[in-house]
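So the sequences go chain by chain: A and B. Per our numbering, residue 1346 is the first one in the first sequence, and the count goes up by one each step. Per our numbering, residue 22 is the first one in the second sequence, and the count goes up by one each step.
Bear in mind the hints are in silico, worked out from the structure with no lab data behind them. Just so you know, not all the hints are guaranteed correct.
Claimed, not checked - Below, a list of computed lysine-lysine pairs in the DSSO-like style, where the Cα atoms sit at most 30 Å apart: (1) K1464(A) - K1480(A); (2) K350(B) - K1464(A); (3) K173(B) - K1353(A).
Unchecked claim - Residues of chain B clear of chain A, computed beta-carbon distances all greater than 12 Å: (4) R136; (5) L179; (6) A212; (7) A340.
On a predicted model such as this, the values are computed, not experimentally measured, just so you know. Glycine included, each C-beta is placed from N, C-alpha and C at the ideal position.
One letter stands for each residue in the lines below.
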Amino acid sequence: MFRDTFDKAVWFLLALTMAAILLLVARGGEPGDGKRGAGLGKAVEREMAYRARVELVGKLYRPVEELRQSGNNAAALLKLDELIRSYPGEAHGHILQGEILREMGAFDEAVASYVEGVKLNGDYLDAKSPLSRRKEIQQLVDEGLKSVGARAAASPGNRSVAASLQKVNYLKSRLAGGCE
Amino acid sequence: MVRDRYFWSVVGAGLLLGALGVLLAVWGNPENSGICVSCFIENSAGALGFHDNQRMQYLRPELIGFVLGSMASAMLFGEFRSRGGSAPLPRLFSGIFLIVGCGVFIGCPIKLFLRLTAGDLTAVAGVVGLVAGVWAGLKGLARGVELGPQAKETGGYLVPMLFLLLLAFLFLRPGFVLVSTQGSASQHAPAVIALGAGVLLGAVAQRTRFCITGSVRDTFLMGFRSPAPWGLLAFAAAAMAFNGATGRFNPGLYGQPGAHLDFLWSFLGMALVGWVSVIIGGCPFRQLIKAGEGDADAGLVVVGMFIGGAIVQSWGIAATSAGVPLAGKVAVLAGFSLLFAGSLLFRNRTA
């Protein structure tokens, strides 16, 4: 590998290139280097976008929350319908819908709404997320396994109850974690 | 056989893989995913910015450990040999479809058994699929389907070098390397422990040639006269014991972490993985180990797996607890089409 001048020249050039890379990387570590700043900015940008989303969600769904607080759940559901149609990729509407339906006693429909929300965005299962609904979903699953499970056992041919139980089991799987 | 040192080394490798497979989940990796090569590849592809699922981005140290551990062991014992050049593009596509199959099942063959030994009964369909896939692959081999011979070449160093670069990324954390703060990728064992476990497993797997699909293949070929099935049994026994001891054994079909109830697609996904693995000579884990010991063909499979890791996330191929999406089903069938076409094209009809 060091047989002739050509080999030696190539080895020299290789060493020179490696040294140049190391120098560039080392210089990149100095404060004020624009590229490093831009690189680090990616994570910060993502964090900012996430925070912005949380803020936007709060603002967007404030009328729904106000209607809920005033006890007007039916109007809140109507407003949510409108928002879900306007923002079909946004999970928060489904989660709020699930909460309201649960308060109104429509358990199976509430489960279906939570499932829609969780499928769109898994953040609602993360204990650390500001949007977390983990505790509520856990309670829903515990209750669902008892009530829907009992109904499914009593009428094994009932397809709508079987579908509800499947949805409860889906939420149970998501709560259990694992790779996604 | 019990007096043979190699037999005990394979059994030891199985025990170690089973134990660390559970312990890494205890130390922070996602449930039943202490070791999951396909999940880790999807995470690492995301960390390098190849896909934008913000819940699946983390440069998994275990992967780096597998390759560098294998490289170190191969060099130490004089087994590092740069070779390659056998059907490069089919191998690249095989890597992609290995991850497609794993993505539809949710896990590689190692995770398949980790799921099963944690009581996840949905994994049974995957086990049957994997065994069927290996069997079909062997039938193809017996009829002359092979990708061609390797030659001595110098490209075998490239993938280990790439993983050395990833090791630098792991510790230097350049800004373009993404790290999830939510989702399963945010769950991980401490980096040094994960790297150490990876290096140890990489070295042991390099010495013993232990691999899940290889064990199934050897069982078909030689039965229990081969050490491989004993290694597989040791792996399952260790995983089951550690799952039981750490309270992670929850038998049942429902509510299992990272599992779905589309049994047919679990079967087909793992069958695809088993079949492809036989043709290219090993499961995703074995490909990493071979890439570490200078096999440029396995290295190309690894590159394909990274591409696969990116597209299963970007194109909505990967299954979730909700089931297998349409794109996932189509991708598995496309994988089988490729296998069938390859079986025709790469058949040595004089054999």
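Against the structure, the hints:
A C-alpha spacing of about 17 Å is found between K1464(A) and K1480(A), which places the hinted pair at or below 30 Å, so the restraint holds. About 18 Å separates the Cα atoms of K350(B) and K1464(A), which keeps this hinted pair within 30 Å; it holds. Of the supplied pair hints, the one linking K173(B) and K1353(A) holds, its CA atoms being roughly 24 Å apart against a limit of 30 Å. With a least beta-carbon separation of about 8 Å from chain A, R136(B) fails to lie farther than 12 Å from that chain, contradicting its non-interface assignment.
With a closest Cβ-Cβ approach of about 15 Å to chain A, L179(B) is found to remain outside the 12 Å limit, as its non-interface label requires. The non-interface label for A212(B) is consistent with chain A: the shortest C-beta to C-beta separation is roughly 17 Å, beyond 12 Å. At the 12 Å boundary, the C-beta of A340(B) falls inside the reach of chain A, the nearest C-beta of that chain being 9 Å off.
Taken one by one, the earlier hints fail for this structure at numbers 4 and 7, listed in ascending order.
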